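Chains as they are written, first to last, in the working numbering: chain A, 1 to 342; chain B, 343 to 684.
Note that these hints are calculated values from the structure, not bench results. Source: prediction; values computed, not measured. Mixed in with the good hints there might be a few duds.
Stated by the list, open to error - To be clear about the criterion: a stretch of chain B counts as covered by chain A if any three or more of its residues have a C-beta under 8 Å from a C-beta of chain A, and this derived list gives those stretches: (1) 361 to 375; (2) 501 to 514; (3) 579 to 589; (4) 650 to 660.
The beta carbon of each residue, even a glycine, is placed where N, CA and C say it ideally should be.
Protein chains: 2
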Amino acid sequence: MNDVTFAVLGTGGIGRRTLEVSKHKDGLTPVAACDRHGVAVDHDGLDVDELLSATEGNIASDGGASAVKETGEMKGVAASTQAVSTDTPIDDIIAESDDIDAVLIALPNFEHDFIPRVADRFVDAGYSGVLVDVLKRSRVIGMLDERTETFEESGITFVCGAGATPGFLTGAAALAAQSFVEVDEVEIWWGVGLKSGYEDNRGTVREDIAHLPEYDINDAREMSDEEIAEVIDEHDGVIEFNDMEHADDVLLERAGICDAEDVTVGGILDVTSDEKPTTTTVRVTGTTFDGERGTNTFQLDDNTSMEANVNGPALGYLKSAVRRNRAGEYGVFGPAELLPQF
Amino acid sequence: MNDVTFAVLGTGGIGRRTLEVSKHKDGLTPVAACDRHGVAVDHDGLDVDELLSATEGNIASDGGASAVKETGEMKGVAASTQAVSTDTPIDDIIAESDDIDAVLIALPNFEHDFIPRVADRFVDAGYSGVLVDVLKRSRVIGMLDERTETFEESGITFVCGAGATPGFLTGAAALAAQSFVEVDEVEIWWGVGLKSGYEDNRGTVREDIAHLPEYDINDAREMSDEEIAEVIDEHDGVIEFNDMEHADDVLLERAGICDAEDVTVGGILDVTSDEKPTTTTVRVTGTTFDGERGTNTFQLDDNTSMEANVNGPALGYLKSAVRRNRAGEYGVFGPAELLPQF
Numbered sequence: 001m002n003d004v005t006f007a008v009l010g011t012g013g014i015g016r017r018t019l020e021v022s023k024h025k026d027g028l029t030p031v032a033a034c035d036r037h038g039v040a041v042d043h044d045g046l047d048v049d050e051l052l053s054a055t056e057g058n059i060a061s062d063g064g065a066s067a068v069k070e071t072g073e074m075k076g077v078a079a080s081t082q083a084v085s086t087d088t089p090i091d092d093i094i095a096e097s098d099d100i101d102a103v104l105i106a107l108p109n110f111e112h113d114f115i116p117r118v119a120d121r122f123v124d125a126g127y128s129g130v131l132v133d134v135l136k137r138s139r140v141i142g143m144l145d146e147r148t149e150t151f152e153e154s155g156i157t158f159v160c161g162a163g164a165t166p167g168f169l170t171g172a173a174a175l176a177a178q179s180f181v182e183v184d185e186v187e188i189w190w191g192v193g194l195k196s197g198y199e200d201n202r203g204t205v206r207e208d209i210a211h212l213p214e215y216d217i218n219d220a221r222e223m224s225d226e227e228i229a230e231v232i233d234e235h236d237g238v239i240e241f242n243d244m245e246h247a248d249d250v251l252l253e254r255a256g257i258c259d260a261e262d263v264t265v266g267g268i269l270d271v272t273s274d275e276k277p278t279t280t281t282v283r284v285t286g287t288t289f290d291g292e293r294g295t296n297t298f299q300l301d302d303n304t305s306m307e308a309n310v311n312g313p314a315l316g317y318l319k320s321a322v323r324r325n326r327a328g329e330y331g332v333f334g335p336a337e338l339l340p341q342f
Numbered sequence: 343m344n345d346v347t348f349a350v351l352g353t354g355g356i357g358r359r360t361l362e363v364s365k366h367k368d369g370l371t372p373v374a375a376c377d378r379h380g381v382a383v384d385h386d387g388l389d390v391d392e393l394l395s396a397t398e399g400n401i402a403s404d405g406g407a408s409a410v411k412e413t414g415e416m417k418g419v420a421a422s423t424q425a426v427s428t429d430t431p432i433d434d435i436i437a438e439s440d441d442i443d444a445v446l447i448a449l450p451n452f453e454h455d456f457i458p459r460v461a462d463r464f465v466d467a468g469y470s471g472v473l474v475d476v477l478k479r480s481r482v483i484g485m486l487d488e489r490t491e492t493f494e495e496s497g498i499t500f501v502c503g504a505g506a507t508p509g510f511l512t513g514a515a516a517l518a519a520q521s522f523v524e525v526d527e528v529e530i531w532w533g534v535g536l537k538s539g540y541e542d543n544r545g546t547v548r549e550d551i552a553h554l555p556e557y558d559i560n561d562a563r564e565m566s567d568e569e570i571a572e573v574i575d576e577h578d579g580v581i582e583f584n585d586m587e588h589a590d591d592v593l594l595e596r597a598g599i600c601d602a603e604d605v606t607v608g609g610i611l612d613v614t615s616d617e618k619p620t621t622t623t624v625r626v627t628g629t630t631f632d633g634e635r636g637t638n639t640f641q642l643d644d645n646t647s648m649e650a651n652v653n654g655p656a657l658g659y660l661k662s663a664v665r666r667n668r669a670g671e672y673g674v675f676g677p678a679e680l681l682p683q684f
């Protein structure tokens, strides 16, 4: 009864690692995964190891395929022995969704309205369950909010921004706020060292570049890998981000914790090293009921990778959302709304 | 519809300060409060300032009473103009409980089974709603668990251990665990400076003393104020606690985060200063899905008082519990179970 089945849309870095992390989680069974050209469904549970091998190009000897990178023929999910090739991967998952409790949308770096439109397709197909995304853009939340009534009618519990930041760090900020009756400022500062993990996380890096002042999401999507590499080279492989349009601001405001404008997000990405260039830290400054001002702090160990800090929380929020969904709570939720209320 | 009414059983330091903090919270209306000799009920909302004055001995000129400490005649709640004297304060609250969404049990330092027995009385009276306690003793959780089925049948959502520790820090540990697939160790270390707040928190200090190796809860309850003062003097006003039997261990285990034995709780209480003698810190050490070991850290600013860190979270968990209750989720919940699941 407490078992949760889930599907992953997208098997880039986030999708693949989420499947891997789910092996460590009790009561969480991945039953479907897709990328642009393939879909794998097994309602008894996917063979995650085989699927990971296929999607990483390190196909096992029994995998039945050889060239499996996400470019070229026989690429990605389609290379898995559990999969079939398809031109309609999301529709194929939707067709199976009666038996899927939750769907993790791990598709970074598309148009702003891409995730809302994916949700629409699930609504149109009569899906009733959980949708979770790991989006980073503040403005997408509003698009989802517009769909609240539709989600409520459909029986959909949508959790938006459930990765590391927003997600994990948003939740940490919401919890750290509990000392205070007024929150004055939330500062989220992240460090990511992404040398060996770079290939697996090109989509995330691309999306980060969209946060630089001189670029936007459309630029970043249309840039070639070479152009992305050039931007990185211009910064000698270490890029500092400030005042990012990260959804943490909107998500904390909607949970009633502070105004969006009181939230700042920044960080440093270093693709020349696996060491983090700076320690990921959340600082919440506020005033207590007895009139004292203070700053509570949440710090992630430098040894915890970006991947670990995205995928654990994404699945944690997913499980919580399934519980909410089964209790009949539908609509749009931010991570902070799944924590003790402020 | 999202408005929450609540009652407070007990108007010692925790009960009073919770009423005070609730003034800062949207949608949270205190409608009843009691101590041993008095009960105040107003379903439109208590006048918190007047009640606080009465229970603090600083009765307002219109309060109609003069000697209002919790000893002697006309003491405590009974001194409030909103209250009546009673020999059956809890029964009086229960009689009004049809219109009360949540009841905060802020009665420290009684027998182990005191809180479970209070819950029984609400069950017997047909109460359906939220009960929240701020207990600290691991062994009480089991007594509550035995009542799970009864709570489920009654429509009661019971949140146990929802203060600072357990409570706030348990939640922080549960959230910090999200980086990891295996949690090896949780260390909770608190600092409390309680000079000017000592009078208001004698019950809490008494309960802390019960955690010293040479005492237990029965000793601590039966000790006179002078004997408590002697213990404090023996330690020159600064008492260090190690390996406390704090419910954090059981509460993290029941949320599936780690074994109870992997949790240690300790801290330093200084009644000679309002400065914290040490910084309250939660350290969660674990292993990530990619095999790295690390320690995530949550620290409370030294400026945040024990009271702020008890009462904010207690009300935060209370509000979350009302939401669970309204969705039809009944039984016993620890704080960590109201966070993203592990």
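> Failing hints, ascending?
Replying inline: 3
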